[in-house]
Amino acid sequence: MKAQDFRYERPSTMDEALAILADTDQEAQPLAGGQSLMPMMNFRLAAPDVLVDLGGVPELSGICEDNGEIVIGAMTRYRDLMASEMVARDVPLLAAALPHIAHPAIRNRGTLGGSLALSDPAAESPAVLLALGGSVDLRSASGQRSVAADEFFFGLYETARQPEELITAVRLPKAAPGHRFGFYEITRRHGDYAMIGVAVAQAPDWRIAFFSVAGTPLRATDAEAVLNADASDIDAAVAALASLEIDGDRHGDPAMKRHLAGVALRRAIGGMS
Amino acid sequence: MSGPLTDLDRPNSYIGRAVPRADAARLLEGRGRFVDDLQLPRMLHAAFLRSPYAHARVNGFDLEAARAVPGVHTILTGKDLEGVVEPYVGVLSHLAGLQSAPQMPMAVDVARWQGEPLVMVIAESRAIAEDALGLIEADLDPLDPVTDPEAALEPGAALIHDSLGSNLAWERTVDVGDVDAAFAADGVTTVERSFTFGRHTGVTLETRAAVAAFDPSTDQLTFWYSGQAPHMMQFIFAKHLGLMEEDVRVIAHDVGGSFGIKIHTYGDEVATAAAAKLLGRPIKFVADRLESFQTDIHARDHIVKGRMGLTADGKIAALEFDDITGIGPFSMYPRTSAIEANQVLNLTGAPYEIENYRARSRVVFQNKNLMCQYRAVGHPIAMAICDCLLEDAAREIGMDVAEVRRRNLMADDSYPRQSASGMKLADLSHQQSLEKLLEIMDYNGLRADQAQARKSGVYRGIGLVSMVEVTNPSPAFYGIGGAPIASQDGATVRLDAGGGLRISSSVTEQGQGTNGILAQIAADRFGIPIDRVRVTTGDTDTVPYGGGTWASRGAGIGGEAMLQAAVALRDQVLDVAAVMLQTEPSKLDIRDGAVTDLDGSERMTLSDLARTVYYRGNELPSDMKPELVATRHYRVTDFPFVFTNGAMAAQVEVDVETGMVKVLGFWAVEDCGRVINPMLVDEQVRGGVVQGIGGALYEECLYDEEGQLLNASMADYEVPMAAEMPDIVVAHVETPTRTSELGAKGAGEAGTGGAPAALMNAVNDALSPLGGRIHQMPMTPERILKALGTV
Ligand SMILES: Cc1cc2nc3c(=O)[nH]c(=O)nc-3n(C[C@H](O)[C@H](O)[C@H](O)COP(=O)(O)OP(=O)(O)OC[C@H]3O[C@@H](n4cnc5c(N)ncnc54)[C@H](O)[C@@H]3O)c2cc1C
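From first to last, the protein sequence lines are chains A and B.
Using the numbering used here, read the first sequence as starting at 1 and increasing by one per residue.
Using the numbering used here, read the second sequence as starting at 1001 and increasing by one per residue.
Hints listed in this document are in silico derivations from the structure and should not be mistaken for laboratory results.
Don't be surprised by glycine CBs; every beta carbon is placed ideally from N, CA and C.
Check each hint, because a few of them may be wrong.
To give an idea of the chain B side of the interface with chain A (calculated C-beta under 7 Å), a few residues [as the list claims (entries may be wrong)]:
1) Arg1010
2) Pro1102
3) Glu1124
4) Glu1653
5) Glu1657
6) Thr1658
7) Glu1718
8) Met1721
9) Ala1723
10) Glu1724
11) Glu1782
12) Val1791
Could you put together the complete structure from these sequences and hints?
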């Protein structure tokens, strides 16, 4: 379990980083917290020629407010998000999800951008992004764009991001008075990737995003419609999960996971604030 | 203060005290010496290409591209080791009828499990070796895999070894009393259950690792490894590499956990030694976590149909079961893979008065990783079969589960005696242990809490187990059947010129604290401050001959040898001192590192005595032959095993919507005889319980029907973690064994052996008002929801 040989670069500006990624003669991969990429390299599931460490690019980190959105730099570590008053106040759904992500040692290094770029189907932050209807800022040597959450997740470990693009920041709408959020996750051991989880926003329309149900986080649009019509009809919302296309995994077959999805949704709604 | 000194008042009384061990600070400060820390001049590194299929014909390999990788030194295939390594067969003569096939370190013609070594690349670094692995083209033809042990016995099933004619490795039955009549008798309530015990494995913190160095000028092999039984490995390398035993030195320095994983013959380790012999250069092999999951022995994997009959007054009328266990494609060498099944037959029901007992076990080959002895061999199966049937039957007749045990446990004053299966039992305390358990857990209080919680829709359950543990085995375990496994151990105690003690022992340190308790025993019985004792274990060149660590025997057997050696040296030293001080040995004592009068007044320091002997022998009478070193050996006689007993209980809460089980509390009363170090014993029990919780709730090596291991990583194979573990309360009953002066039995496996049954009982107790029941381990959320009929 040793990584294949690679070159290591640590650019100090975004442009330098983008230039390396734009060079098509070599396969370059950004390195953020390394909490997923390093194990993948050791398993030889990833074998980039060049590793572009983003740790030296200061403008990729930080949290600020911009036009009603909270903008989080891609390299912002989970632990900094957990310590942020702005996140706790203005993006309470993210704040609720963070303690479920792995363990302190991993949160010390792991980044929000890394998690979204990887887009593990059992990870928390993609579902939070989807439930909040946020967007992802992407930039390459030839330009920049912003992709809405609903258009970002393509398939298992596949996103709208092109190989030469960096995620630079994540935009999440700021919570307004009266908005309510709920988060519930089922794991066997604290800090594990979820068996099933759900992020729920009523802001003021309902958005419900499940994770660990399929190749990508999934919005439960039928359940959302039920709740948009009658927020108290939780039974009908749970019944509407029948239309979700849920895959089985080592924790259980699709029927088991659909059952758990219903339990998680009830509990998430029950805990909304 | 007046009156005679008791054992615990004496200076240097360490036995029975929570003495911190010297190794702990060294290891915590990062000064451990593990195999991977070893760097030898000219050392090369090995990596293995392993079979991607569970069953495949090996046609050959294209190695050209791999050989061309700069830094690659040699590539060896299974065929290349023919004639270099003598094949090994995992059978023992006392397991009559056990059959297995000759095994080579790397597959030659047929690969029989996913992960079996095929090709060994030896290179300047492990990374380079792995680069080369990626370039090897293996010509393999997949064959039908046989993975399900029941299907493996069907007529017409594909054979794993054509030469054996069947996939059945071994079968044994026990039939005592009149089982059929007992079940048929009036007033007997019978419960029948099907149990499944999943495969799991040891997950040692330090993976298996080896460095082999061969000196062609002397024909000597030195093998550093992370293991439990250096002398056994010495025999194996000598026999199978064609060396003299005295030319093989096996060294096990610090070992990061074993649990029975590191006491077997692994192809990658044998290949490492063989390659070192072929090349004349040191070679290092360190298993990575993927290799650990694929090749460290797995354990359990039993399917059991069992039934128990209970009379109306709660007496066990009869117990019967049929066990089938899948052991992988070979019986593991040299301990065999039939011992677990044998233990299940021997131990099931052993705490109870049972007159009618019938059992069968069949040990079956399959195309999965090898199954063999892991902590608490057979115990979790045996305890779960009997105690889960017992609690289910008690529930059926409406009897409390503590009460049903009171009516069936062997009486504490009824020993020595035999179990239903014919095991010789002595010095056990089931009744006392059960009562103590009920007291420390506040059984009645927990029952009241349970009733209260149910009113609010919270499903809590309480489960118990009464258990035996096999410890301190005699030669009846292995040696009798022809295995190169010593059941005796030796200890040497030497007084050095500085007045300190240098002790050595053939039992080994795996992180459990053996070195610490050996020092306690030697210091206590010799009469010296413990910080003047230095311990050597794990080196066949320097320690006495013996068996190492397995079957909870280090303290009981190695400890007794150490006690006897320390007592012998004390007598020898007093003989010398009496001559020097012109008095009688009986008028002298050794206390706190000095020779004293019986009232404790110092006559001379041990250093003075030793320096006189070593440097100024001219001062001694010429007919005096002082010996400042003593060696003693010890083995258990008269009993095949020294059984211990315990009683344990679990309290769980089941989230009946998610199937999640939370262990709220765990209690263990353990009778391991003399407790040498309560801190270490308690941690052994707790660690064992946690591994038992792992087997009951979390851990399983998941294979698909093709024999592919699906969860070979720490992310997907769930070991229990601290956050989910309950407080584990440990208490003791001390019934010393009559077989030794020390009186210590073993304590290393009880928790792992007992906890699963207690947990299964607790979960079933919680589910019972909903009509659900589960007899499959691990008890995962999905299985619990299925048991409830929710999904
Ligand atoms: C034991 C353990 C438990 C874990 N448990 C959880 C859990 O419960 N929930 C969870 O969500 N995660 C979990 N993780 C994963 C962890 O959260 C990772 O940190 C995260 O998924 C990836 O973030 P990273 O910063 O470490 O990214 P890296 O590992 O550095 O990179 C991941 C991928 O994203 C790419 N990438 C990174 N940054 C960018 C960028 N700015 N632009 C473009 N591409 C980029 C990389 O090239 C790589 O392909 C766990 C990890 C471990 C080791």
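These are the hints, each one checked on the structure:
Taken as an interface hint, Arg1010(B) does not check out: its beta carbon lies about 47 Å from the nearest beta carbon of chain A, beyond 7 Å. The interface hint given for Pro1102(B) is broken, as the beta carbon of that residue sits about 31 Å from the closest beta carbon of chain A, more than 7 Å. The beta carbon of Glu1124(B) comes no nearer than 12 Å to any beta carbon in chain A, farther than 7 Å, and the hint placing it at the interface is violated. Interface hint at Glu1653(B): violated, since its Cβ lies 15 Å from the closest Cβ of chain A, which is beyond the 7 Å cut-off.
The interface hint given for Glu1657(B) is met, as the beta carbon of that residue sits about 5 Å from the closest beta carbon of chain A, less than 7 Å. The criterion of a C-beta within 7 Å of any C-beta in chain A is met by Thr1658(B), whose closest approach is roughly 6 Å, and the hint holds. The restraint placing Glu1718(B) at the interface with chain A holds, with a minimum CB-CB distance near 6 Å, inside the 7 Å limit. A cut of 7 Å between beta carbons decides the hint on Met1721(B): the least distance to chain A is about 5 Å, and the hint holds.
The criterion of a C-beta within 7 Å of any C-beta in chain A is met by Ala1723(B), whose closest approach is roughly 4 Å, and the hint holds. With a cut of 7 Å, the hint placing Glu1724(B) at the interface with chain A holds, because the nearest CB-to-CB distance is about 6 Å. Using the Cβ-Cβ criterion of 7 Å, the hint placing Glu1782(B) at the interface with chain A is satisfied: the shortest such distance is roughly 4 Å. Contact between Val1791(B) and chain A, as hinted, is supported at the beta carbon level, the nearest pair being about 5 Å apart and thus within 7 Å.
Comparing the model with each earlier hint shows violations of hints 1, 2, 3 and 4; every other hint is respected.
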